[in-house]
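Visitor: Listed below are the residues making up each chain.
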Amino acid sequence: MSGRDTGTSVGDHALMALHHGRLPPAERAELEARIARDPAAAAMLADWQAQDRALQALCDPVAAEPVPGRLTAVIAQARRAEGRIEGLDRRRNRPATRAGTAGRLARAAGLVAAGVVLGLALGGWGLRQGWLPGLPAGAPALLAAAGPAPAAAAAHRTFAVEVAHPVEVTAEEDRHLTGWLSKRLGHPIVPPDVSALGFRLMGGRILPAEGGTAALLMYEDGTGRRISLYAAPQAGGQTAFRFVEMQGLNGFWWVDGSVGYALMGDVPRDLLRDLATAVYEQLG
Amino acid sequence: MSLLDEIEAQIPALRRHARALTRDASRADDLVQDCLERAVAARDRFRGPEAGGGSLRGWLFRILTNLHRDALRRDSLRSHLVVAGDLPEPARPGGQEAHLALREVEAALTRLPEDQRRALLLVAVEGLSLAEAAQALDIAEGTLVSRLGRARASLRAMTGREPRRERKAER
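As you go down the protein sequences, you meet chains R and Y in turn.
Each residue of the first sequence is one higher than the one before, starting from 1 at the first, in the working numbering.
Each residue of the second sequence is one higher than the one before, starting from 1 at the first, in the working numbering.
Where hints are given, some of them may not hold.
To be verified - Selected chain R positions facing chain Y (Cβ under 10 Å, derived; list incomplete):
no.: 1; residue: Ala17
no.: 2; residue: His20
no.: 3; residue: Gly21
no.: 4; residue: Arg22
no.: 5; residue: Pro25
no.: 6; residue: Asp60
no.: 7; residue: Pro61
no.: 8; residue: Val67
no.: 9; residue: Leu71
no.: 10; residue: Glu82
no.: 11; residue: Asp274
To be verified - The following label-pair restraints were derived from C-beta to C-beta distances:
no.: 12; chain 1: Y; residue 1: Glu50; chain 2: R; residue 2: Ser182; range: 48 to 56 Å
no.: 13; chain 1: R; residue 1: Asp38; chain 2: Y; residue 2: Gly142; range: 19 to 27 Å
no.: 14; chain 1: R; residue 1: Ala29; chain 2: Y; residue 2: Arg103; range: 32 to 40 Å
no.: 15; chain 1: Y; residue 1: Arg103; chain 2: R; residue 2: Ser182; range: 58 to 66 Å
no.: 16; chain 1: Y; residue 1: Gly52; chain 2: R; residue 2: Asp256; range: 37 to 45 Å
no.: 17; chain 1: R; residue 1: Arg70; chain 2: Y; residue 2: Glu104; range: 31 to 39 Å
Derived by calculation from the structure, the hints in this document are not laboratory data.
Note that CB positions come from ideal geometry on N, CA and C, so glycine has one too.
Hey, can you work out the whole structure from these sequences and the hints?
Guide: Right, here's the structure in full:
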């Protein structure tokens, strides 16, 4: 039906292919020659060009506006998440080992549901081989690429299984918790609220970290899964979101200014990413 | 340039297209945000032109088009509601050579059927090739060409630019 809609000798398809420009040079030249002999086609083409100019004049101003932050944020967030490190921990935490360790710990603590820890480390931290039993020699280089995650994973593993005392100061002592953490860390910290994602703040504790003090905030969902947010001082400026798997846990970590953060837990990666994003935004 | 960079570079064009379709700044940016979120989440599945997957622009505009179609379906009232005079102010009063009053073109654009408006905006404003626009609209190139032909003929008729040999518009 398109052949001669325009009433020209050239035909719509060819004329449009010419106008919208993706023709091999030979074909283009041949068409242009035909149009030169066909005033109707030439007039049609001129009309289309005028239409295009008018439509562009109407619509173009939008593209010159500054792009709203909420749109660039989608890209920025993806960039942060893109820096994830896959497989860092796979070599030393093969599935069987992981399951065994996790299972023992869970059973020992009388936990049926998997523990989820969101580890946020505030305060200085160093590489602590002692926190990472079973680490092969040569691991420090890998660890250096994992930011606060190893210490966060160790802290999560230690405290998430605690039934009686998972935290030192409970969330009910809200103002006290915030003031206490801030005082001990030497800078203000307000525990992020991730209740919209189903996790309630249980409380926090202070941990020793190389070169400073770390904070661990623990959260729990309705099914008893726990995540921990670990925060510790760290040199390094700014990094993207990085994903790690270690000690049977999933984690996202990042460095913002002089603080390294890690969110750890035995929860699906996608959920953990959403949680980490929410935490990051509130800490920002 | 990473794929994320390339996606980011298309945001102004996506906003322009969404605004022209919705004629509402905040609804347009909602669409673009949804589009970006989908594109970012699915970017691993984007196969570039080398792999026969079409262009990034075609892919992005297709996501946007589908979201807009969904939004219209959800809100069928709006799909019939044509609001003229809501496009952004033109940057300049059309060039002398254009001989087309922008207000007339704007009004005519809002009166085009949705499918024709989409097609016309993609090629005339966004500069998509016929292949890219067909990809974005998920239609055959021949279908696109006849749709564009109708859109341009209607626009011509509505802006008083009936060419000499124009047959009566098909519809």
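Visitor: Compare the structure with each hint and give your call.
Guide: Comparing the hints with the structure gives:
1. Ala17: At 6 Å from the nearest chain Y Cβ, R/Ala17 passes the 10 Å test, so the hint holds.
2. His20: holds (5 Å)
3. Gly21: It holds, given that the least Cβ distance between R/Gly21 and chain Y is near 7 Å, below 10 Å.
4. Arg22: OK, holds: R/Arg22 within 10 Å of chain Y, min 4 Å.
5. Pro25: Not OK, violated: R/Pro25 not within 10 Å of chain Y, min 16 Å.
6. Asp60: Status holds, d = 6 Å.
7. Pro61: Hint holds; R/Pro61 Cβ to chain Y Cβ min 5 Å, cut 10 Å.
8. Val67: Status holds, d = 5 Å.
9. Leu71: Nearest chain Y Cβ about 6 Å off; hint holds.
10. Glu82: holds (7 Å)
11. Asp274: violated (12 Å)
12. Y/Glu50 x R/Ser182: 48 to 56 Å: Holds - the Cβ-Cβ distance for Y/Glu50 and R/Ser182, about 54 Å, lies within 48 to 56 Å.
13. R/Asp38 x Y/Gly142: 19 to 27 Å: holds (22 Å)
14. R/Ala29 x Y/Arg103: 32 to 40 Å: With Cβ atoms ~38 Å apart, the hint holds.
15. Y/Arg103 x R/Ser182: 58 to 66 Å: Since the Cβ atoms of Y/Arg103 and R/Ser182 sit about 60 Å apart, the hinted range of 58 to 66 Å holds.
16. Y/Gly52 x R/Asp256: 37 to 45 Å: Hint holds: Cβ distance 41 Å, inside 37 to 45 Å.
17. R/Arg70 x Y/Glu104: 31 to 39 Å: holds (35 Å)
In terms of the numbered hints stated before, the structure departs from hints 5 and 11, listed from lowest to highest.
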